[in-house]
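Chemist: Take a look at the letters that make up each chain.
2 protein chains.
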Amino acid sequence: MNLRRPYLLFLGDARDELAAKTAQGIAYWRPEWCVGQLRLPGCKADLKLPDMTLEQAAAAGVKTMIVGVANRGGVIDAAWVPLLLQALELGLDLASGLHRRLTDIPEVAATAAKLGRALHDVRHPTRDFEVGTGARRAGKRLLTVGTDCSIGKMYTALALEREMRRRGLKADFRATGQTGIFIAGEGVSIDAVVADFISGAVEFLSPDNDPDHWDLIEGQGSLFHASYAGVSLGLLHGAQADALVMCHEPTRRHMRGLPHAPLPDLKACIALNESLARLTNPAARCIGIAINTSALDTIAASRVLKETSDRLGLPAVDPVRDGVGPLVDALP
Amino acid sequence: MNLRRPYLLFLGDARDELAAKTAQGIAYWRPEWCVGQLRLPGCKADLKLPDMTLEQAAAAGVKTMIVGVANRGGVIDAAWVPLLLQALELGLDLASGLHRRLTDIPEVAATAAKLGRALHDVRHPTRDFEVGTGARRAGKRLLTVGTDCSIGKMYTALALEREMRRRGLKADFRATGQTGIFIAGEGVSIDAVVADFISGAVEFLSPDNDPDHWDLIEGQGSLFHASYAGVSLGLLHGAQADALVMCHEPTRRHMRGLPHAPLPDLKACIALNESLARLTNPAARCIGIAINTSALDTIAASRVLKETSDRLGLPAVDPVRDGVGPLVDALP
Numbered sequence: 010m011n012l013r014r015p016y017l018l019f020l021g022d023a024r025d026e027l028a029a030k031t032a033q034g035i036a037y038w039r040p041e042w043c044v045g046q047l048r049l050p051g052c053k054a055d056l057k058l059p060d061m062t063l064e065q066a067a068a069a070g071v072k073t074m075i076v077g078v079a080n081r082g083g084v085i086d087a088a089w090v091p092l093l094l095q096a097l098e099l100g101l102d103l104a105s106g107l108h109r110r111l112t113d114i115p116e117v118a119a120t121a122a123k124l125g126r127a128l129h130d131v132r133h134p135t136r137d138f139e140v141g142t143g144a145r146r147a148g149k150r151l152l153t154v155g156t157d158c159s160i161g162k163m164y165t166a167l168a169l170e171r172e173m174r175r176r177g178l179k180a181d182f183r184a185t186g187q188t189g190i191f192i193a194g195e196g197v198s199i200d201a202v203v204a205d206f207i208s209g210a211v212e213f214l215s216p217d218n219d220p221d222h223w224d225l226i227e228g229q230g231s232l233f234h235a236s237y238a239g240v241s242l243g244l245l246h247g248a249q250a251d252a253l254v255m256c257h258e259p260t261r262r263h264m265r266g267l268p269h270a271p272l273p274d275l276k277a278c279i280a281l282n283e284s285l286a287r288l289t290n291p292a293a294r295c296i297g298i299a300i301n302t303s304a305l306d307t308i309a310a311s312r313v314l315k316e317t318s319d320r321l322g323l324p325a326v327d328p329v330r331d332g333v334g335p336l337v338d339a340l341p
Numbered sequence: 010m011n012l013r014r015p016y017l018l019f020l021g022d023a024r025d026e027l028a029a030k031t032a033q034g035i036a037y038w039r040p041e042w043c044v045g046q047l048r049l050p051g052c053k054a055d056l057k058l059p060d061m062t063l064e065q066a067a068a069a070g071v072k073t074m075i076v077g078v079a080n081r082g083g084v085i086d087a088a089w090v091p092l093l094l095q096a097l098e099l100g101l102d103l104a105s106g107l108h109r110r111l112t113d114i115p116e117v118a119a120t121a122a123k124l125g126r127a128l129h130d131v132r133h134p135t136r137d138f139e140v141g142t143g144a145r146r147a148g149k150r151l152l153t154v155g156t157d158c159s160i161g162k163m164y165t166a167l168a169l170e171r172e173m174r175r176r177g178l179k180a181d182f183r184a185t186g187q188t189g190i191f192i193a194g195e196g197v198s199i200d201a202v203v204a205d206f207i208s209g210a211v212e213f214l215s216p217d218n219d220p221d222h223w224d225l226i227e228g229q230g231s232l233f234h235a236s237y238a239g240v241s242l243g244l245l246h247g248a249q250a251d252a253l254v255m256c257h258e259p260t261r262r263h264m265r266g267l268p269h270a271p272l273p274d275l276k277a278c279i280a281l282n283e284s285l286a287r288l289t290n291p292a293a294r295c296i297g298i299a300i301n302t303s304a305l306d307t308i309a310a311s312r313v314l315k316e317t318s319d320r321l322g323l324p325a326v327d328p329v330r331d332g333v334g335p336l337v338d339a340l341p
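Residue numbers (my numbering), protein chains in the order written: chain A, 10 to 341; chain B, 10 to 341.
In short, the hints are calculated from the structure, not lab data. Check the hints yourself; a few may be wrong.
Which stretches of chain A does chain B cover? Using the computed rule of at least three CB atoms under 8 angstroms from a CB of chain B, they are [as the list claims (entries may be wrong)]:
| id | region |
| --- | --- |
| 1 | 54-65 |
| 2 | 142-148 |
| 3 | 203-209 |
| 4 | 263-270 |
Beyond 10 angstroms from chain A on every Cβ pair, some chain B residues (computed) [said to hold, decoys possible]:
| id | residue |
| --- | --- |
| 5 | Pro15 |
| 6 | Gly143 |
| 7 | Arg174 |
Please read these numbers as outputs of a predicted model, since none were measured by experiment. Glycine included, C-beta positions come from ideal geometry on N, C-alpha and C.
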């Protein structure tokens, strides 16, 4: 995959900021790649980028329009198709992280083929993988894991990359989900891989490297999430992580999407991740906790961080409020 | 999927019995569905079924020829294609459990379409699944789990079905691999499902049922196998098993395909399976152990079974030597 830059971010008629979270992630982490946003009437999301028409974007040198909005069911709205076709006519490639493929829309596929434009469905792996082996690889690896889905695993891994590079360390973010792939420009959407190849795909994503190089691998799901734990375990084994960072949201009342399922105890979640990670890396250990305190005020947030850190004997930070310096300090 | 019966089992030029293990499983468990075998020159496998030409098979009323041989890489040998085409011409459907699809061989696909024959690639799910939820379902479930791959999980589940039906209990084998699917006539090849849907596919495979009905679900892989543990965990969560049976082979020196990886301790393997299964069924527990003692003589086999049973406080049987009566006795 090779996305031509810069990007125009298409937000459609996103009914809230959350619906545009893919575009939001790209604009936050890669502002230098994002020239503008394209919003339809009724769009409630705003990335504070210049609003552009397709003609303006093409004139400004945009090379790829990214469908950065999540519809219910991951479909591509039929009403968007004329706009997608116009983008192709104006010289842009298209990219989408949705479940429904751009290449499965006949008019879009035909127009792209006719004009020689690229269509990137980053949610769908375009290559085959080998079965994982668990054999040791050179280089160091950190995996962000979590008590639940959508809890800050991508943000934490990217914040670690930024801080480690700032300190002159060799570090690369490794994307395992669609938003991360747009930000990194490459990666594997691990939940879309055929089940037999989960750990193998992660071994491909994070190959041998320099002994002092860190791969910062984006985690997915949770070992305690009844929908996705298989993905999380294959990722844990394939990552062969030296260091784990546990991500947590202290006000969440139940597992995302499963109202009947309580969140796991933080300590038990760390212990299980460490124990299972040791199948492929006996030195694996949790080096700290990243807590999303966005639902708390400053005082409550500080209290939660201190209480968690004291109880577990590990650094606890909110990457958004405080950065991840203490986690980098704790790397083995 | 609806395979027309009876079957002709195609063994190709299988170089040993193991290469024909899919056909062997079908012939062993469903002899009444198997009219004959078709072997090419050099074939070393023999199911003790009548050897038949395609013409003889068609005359004997065969409806489907099953490619029951595993080549290295799961491919379909180009030399087999004329035979496959002839089978279609003679009125037979084709079925395969190989990784490479029958439908991807252009001449085979075209001929089948022209003549109205069915092609069944049972390794590849033909439907979409929902994401799993972990919500409780009615009926009872048993899952066979293991210390490693290829260790007797399918055999044990089928032996349990046979014994339970003999006792007048309501029991259905639920297939999760290609051989099991041929034997059951239906099922889901769980390692070929997209990773996000592993547990959801198992929830589909084993839906609500009568309160006194048992689904006997075929396990896959092992939580301790670095290649496939993600599949095993999604299967464990989706199965929502009341009862687990641990399958083991006491003479195996390393995990299958991974010479660097030792087998897990049996007790630790049981404890981890029970602990993780309780995410979706708090009552889950291991009710016994199925030990494949085929590499041992009678005296050594008896000693291993007794020693294991005494040490773990659970019934331990070799399903092939002794049947699974004590496991059925131990059902909750």
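Chemist: Three or more residues of the region 54-65 of chain A near chain B by CB distance under 8 angstroms?
Modeler: violated (count 0)
Chemist: Three residues or more, CB to CB closer than 8 angstroms: is that satisfied between the region 142-148 of chain A and chain B?
Modeler: Since 3 is at least three, the answer is holds.
Chemist: Can we trust that Gly143/B is non-interface, i.e. its beta-carbon lies farther than 10 angstroms from all of chain A?
Modeler: 3 angstroms, violated
Chemist: Taking beta carbons only, do three or more residues of the region 263-270 of chain A come closer than 8 angstroms to chain B?
Modeler: holds (count 4)
Chemist: Arg174/B clear of chain A by more than 10 angstroms, beta carbon to beta carbon?
Modeler: Given that every Cβ of chain A is farther than 10 angstroms from that of Arg174/B, nearest at about 30 angstroms, it holds.
Chemist: Does Pro15/B clear chain A by more than 10 angstroms, comparing its Cβ with all Cβ atoms of that chain?
Modeler: Holds, since 31 angstroms exceeds 10 angstroms.
Chemist: Three residues or more, CB to CB closer than 8 angstroms: is that satisfied between the region 203-209 of chain A and chain B?
Modeler: holds (count 6)
Consistency note: the structure conflicts with the earlier hints numbered 1, 6.
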